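Number of protein chains: 4
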Amino acid sequence: MFFISDTMAGAAPEILKAVEAVNDGLFLGYEGDPVCEEMKAQFAKIFETEVSVFLVATGTASNALALSVMTPPYGAVFAHEGAHINVDECGAPEFYTQGTKLAAIKGANGKLTCEGVRAALTNFPKGVVHRMQPGGLSLSQATELGTIYTVDEINALSEFAQSHGMATHMDGARFANALVALGCSPAEMTWRAGVDVLSFGATKNGALMAEAVVFFNQDLVGDFAYRQKRGGHLFSKSRFSAGQFLGYFKDDLWLKLARRSNDLAGRLEAGLMELPGYELACPVQTNQVFVTMSRELVLRWQEAGAQFYIWSGDPAQERQLVRLVCSWKTTDEQVDQLLEVARG
Amino acid sequence: MFFISDTMAGAAPEILKAVEAVNDGLFLGYEGDPVCEEMKAQFAKIFETEVSVFLVATGTASNALALSVMTPPYGAVFAHEGAHINVDECGAPEFYTQGTKLAAIKGANGKLTCEGVRAALTNFPKGVVHRMQPGGLSLSQATELGTIYTVDEINALSEFAQSHGMATHMDGARFANALVALGCSPAEMTWRAGVDVLSFGATKNGALMAEAVVFFNQDLVGDFAYRQKRGGHLFSKSRFSAGQFLGYFKDDLWLKLARRSNDLAGRLEAGLMELPGYELACPVQTNQVFVTMSRELVLRWQEAGAQFYIWSGDPAQERQLVRLVCSWKTTDEQVDQLLEVARG
Amino acid sequence: MFFISDTMAGAAPEILKAVEAVNDGLFLGYEGDPVCEEMKAQFAKIFETEVSVFLVATGTASNALALSVMTPPYGAVFAHEGAHINVDECGAPEFYTQGTKLAAIKGANGKLTCEGVRAALTNFPKGVVHRMQPGGLSLSQATELGTIYTVDEINALSEFAQSHGMATHMDGARFANALVALGCSPAEMTWRAGVDVLSFGATKNGALMAEAVVFFNQDLVGDFAYRQKRGGHLFSKSRFSAGQFLGYFKDDLWLKLARRSNDLAGRLEAGLMELPGYELACPVQTNQVFVTMSRELVLRWQEAGAQFYIWSGDPAQERQLVRLVCSWKTTDEQVDQLLEVARG
Amino acid sequence: MFFISDTMAGAAPEILKAVEAVNDGLFLGYEGDPVCEEMKAQFAKIFETEVSVFLVATGTASNALALSVMTPPYGAVFAHEGAHINVDECGAPEFYTQGTKLAAIKGANGKLTCEGVRAALTNFPKGVVHRMQPGGLSLSQATELGTIYTVDEINALSEFAQSHGMATHMDGARFANALVALGCSPAEMTWRAGVDVLSFGATKNGALMAEAVVFFNQDLVGDFAYRQKRGGHLFSKSRFSAGQFLGYFKDDLWLKLARRSNDLAGRLEAGLMELPGYELACPVQTNQVFVTMSRELVLRWQEAGAQFYIWSGDPAQERQLVRLVCSWKTTDEQVDQLLEVARG
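Chains as they are written, first to last, in the working numbering: chain A, 687 to 1030; chain B, 687 to 1030; chain C, 687 to 1030; chain D, 687 to 1030.
Source of the hints: derived by calculation from the structure; they are not laboratory data. Please read all numbers here as calculations on a predicted model, not as lab measurements. Glycine residues also receive a C-beta, built at the ideal position from the N, C-alpha and C atoms. You can take every hint at face value.
Using 30 Å as the maximum straight-line C-alpha spacing, the simulated DSS-like pairs for lysine-lysine come out as follows:
id : chain 1 : residue 1 : chain 2 : residue 2
1  : D       : Lys703    : C       : Lys726
2  : A       : Lys792    : C       : Lys812
3  : D       : Lys726    : C       : Lys1015
4  : C       : Lys792    : A       : Lys812
5  : B       : Lys703    : A       : Lys942
6  : B       : Lys726    : C       : Lys812
7  : C       : Lys731    : C       : Lys936
8  : A       : Lys936    : B       : Lys703
9  : B       : Lys936    : A       : Lys703
10 : A       : Lys726    : B       : Lys1015
11 : A       : Lys703    : B       : Lys726
12 : A       : Lys1015   : B       : Lys703
13 : A       : Lys726    : A       : Lys703
14 : D       : Lys942    : C       : Lys703
15 : D       : Lys703    : C       : Lys936
16 : D       : Lys812    : B       : Lys792
17 : B       : Lys792    : B       : Lys812
18 : C       : Lys1015   : C       : Lys731
19 : D       : Lys812    : A       : Lys726
20 : D       : Lys703    : C       : Lys1015
21 : B       : Lys812    : C       : Lys726
Facing chain C, according to a computed beta carbon distance under 7 Å, are these residues of chain D, among others:
id : residue
22 : Glu706
23 : Ala747
24 : Ala750
25 : Phe921
Construct the complete structure from the given sequences, taking the supplied hints into account.
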């Protein structure tokens, strides 16, 4: 009963096969090989537009490097206070941007609102040299709480950002989970809704280690390639990263895997909500279930061998906030087993 | 006839298999999984000492991150002027160290000498606040020219460094090639000769993407893990990097692959030296052959379909310096074919 | 009627004279001259302990450089959300620390509380590599709102910081104003209360441009001199900065000037509080008065020629928050004149 | 007999008076005050063109900040190997540019040549992502050896830089000394010869602490003000820096002071050249004399109380290279006294 993280599962067999499939041939690499060309073409096709794609090793690198071409070092990037870039990357954004401030904004269900950003913006008046300057907006789709922005919400945020001279970044570490939940096209969820640059993650959804920075706004690309190299994220054998994406996209594997983990989270939610003592902390929209329960229940779960993450910091609290994540590899049986435990 | 780089070849089948072999199981990753534990144990065994090992995505990241814990931002790192860190990493060392100067030192055959470092040191007097301070020494084994340091030379350099309060880093992007050429043990070539930290590369010698920072001097480790995370080089599914090392070390695969490419370079050298018009630019000691030839010969080779790197910058020169690299995948036939072309 | 800032006034004549007084003589400078020696001796005497003192050009540099030796680049510095370092320095702390996050904490009257810091600390668990690490605590004495910490409060905060492995920095841009308000000794308000490093400002209180970083905790000094030089804050003719401090300390000028501006602020407060329509936003403890009034009153003041800073961002609000600052040069007459306007 | 540095002298009385003269009045400062306006107007008049002027505390800050808007962090700035930015600023350029490499170039008499820069440029091919990119050219006028570039030489270097997409920076720490030596106009020596940005120093030539960054190329100014603030170099009471320039320019004081120190250096040179045992290391063109002499002579000078800088690092050498600097305050008598010693 492992519900700690979707990164606990290995790689989908289809993706492993795709890696093997690109092993032959002698290529110069560094994103100039035919595998990368094919990978880029597929991104363009999937997103129905011209894109610039760069491969990196982790979602942290993807986010931090994307931000580094949006904001000056003395800029402020507006993000939800719970955003991965603000909480879980040990200062990678500050490192790659060389000093940017993350303006952390509160918002229900892990989501930014224009009102929240507008209020924060008053601390960064344009042209006042004593103040850091508006540097960009970053939203996570899905959010850290597993919730999703509607297309209209993304549109509103990116328009607001643009009206203040800022570009919009989307942290898509769980892009596929959000996409299938929203049921729209990749284009609709991104550039058509005003997103300038996307951190597109595949690792959490079945890849070995495959993350891409995808630029829709070509004006932003600028010197990204130099920054990528400088961060040690330009791979000599780039085919092995690109190859994972080929396997990921083939026959819509990525959508199937995401649907599976989303569905399981839905099944888990439904089961828990039939039981007393469990309360949803926010709507279950993708592959994560955030639920509050008593310390006693937490203890019982742990004793039964369930593994999960206690999200709230304070172990002294009576009610604990627990995160349960389903991965592409989670099974119906594992969910049922956990529900069995939950029933007590 | 591809002799451009050893990164042109894909991965050795044994290593691909090792990747598959670690795919099962649910692990938290981030270098805490059992595959990483096994990988670390193997490093300790191979180097016959306690080591701290960290995985990163590229040799560039490995070098830059290693340097970042050796030198202060206002330090100078002494390296050969042709070193990868000085020439080929787009400023990654400067980025990760946040401003270190690479003090570039001349030296025959791509090798540093104590005399060279001593002369350069006079520009960085200790305790003079106007000057950058001695920050570390970095040597490449094998060097960018494919030559190698003897154990005595490494010893002398590291002792010299230590006597000036500096740690010693070894760029081991082609560690295995140097090791089998030198015929000593990994321990002898590193910590027993005074090396504090090693960038251990496997990618050029048959891995997909597997680079490790190996600390022999535990006092240096310090906050490396935070810097690694901050650079976006801490992998959630670290098993897939660690797994490559398991395959790399198994049954001495790494040594076999390195011997093969070294031998082929030797064969290529021998063949060329029998022909008029070809001159070695430096001794062939590992898997690279640096040879000078006339522009006419270069042209003939190119027309015959040979692919290689023209090392010297100036295309107007009559004699051109050419680099020929044999990989783990290069065959006797390919070498013979190239020699055929060379014969004209 | 200029109440915008205490930096609007020029320099006290005594300080100008002190600058002239050190003009003779040929000195090597760079803080090695006899004027600097004398200045350092005076700091030691005033603070009744061994200190390390470094001169810089601005309070911003003083704060940022002080923080740079307290926190690693991946550290979080805890400060009040309204702190100068968080709001008014265009990212100088992030620049000098090379990426530190300022963890902004709310607190009544511009003051940090242990409770506030404790809550914020939960986001930075020690040893968790994904999270930025506790890097230091910074408090401002006087605060941006002109309020002051009691010695007990400083003690509690620094003890709390220390118990979490953090050093304590005091932003003393208005140190003298706080000191005379508190009526204790410089030692009591700083190192005896656990402060490790102090940004000691004289510019706002009558100097031309004189700021010092004062280390009580000698273990922290480390490589400060290199960082100072690297920031371009090591002065060749350091005597002219040091000389200002000689004039500042002579015959307790600094205390006299601070008392004068504090007293005037008190007089202003008393006068305003007798009138309807004015409300104190926080206690007046030093040389600043924060008062709320209607937009109508603001307009009347402005029309009468009064100059002051509207602190609250939103001009649409009915009640406006206004800052009134008295400087060492402000006169009784100017305060009376403003009160006249206030009376309407 | 103090010939160590021109920073050993205090400030010219005229400049001290100018500081006093701007003390009255209440100004908001931060380079927005009337004194700064007047200072900027004078710069425009002296340089006969539109300029953007920013004040900073030291020559080191001036150089480093100027470079920071010319080059990307992954850029290489071409400078003479003996340049102040390369040798004497403890990595300030690397700090402010956030990682730029200084490409150190040899050249006779401390001067860059186009040939030298061209050769160095081959290491930084445009568009090759593995290499740092051409980032700018910096020349010192006068040089660290007291020599000067002719207007034609400046022109050639800046044209060369421009043809490679680089801007040209002039380190003018001793601008006035070079100017009066060259006998041309400030405009001819700078923007008319292609200089984009100038670090204009007054401190070495009689000011207390007055350095300015002067932009001729307005396209470069960009976000300089934010970088200046972030470095802690935006002064609240900026009038006191600007006021020094008013005194400096008034009645051509700056030219008179520079002429005086240049003349004295000439007198010193002439005297020494009449004596056996002294050899010029390079032409004496401004206020510095570089002379080689035997260790015995060095000792005799030292015993006679002469103070000077031994430039060459190696005390074991038989011939020593000695630097003798005349300041605005050096007198005929002091030079004669030194010549007396030299005569033995």
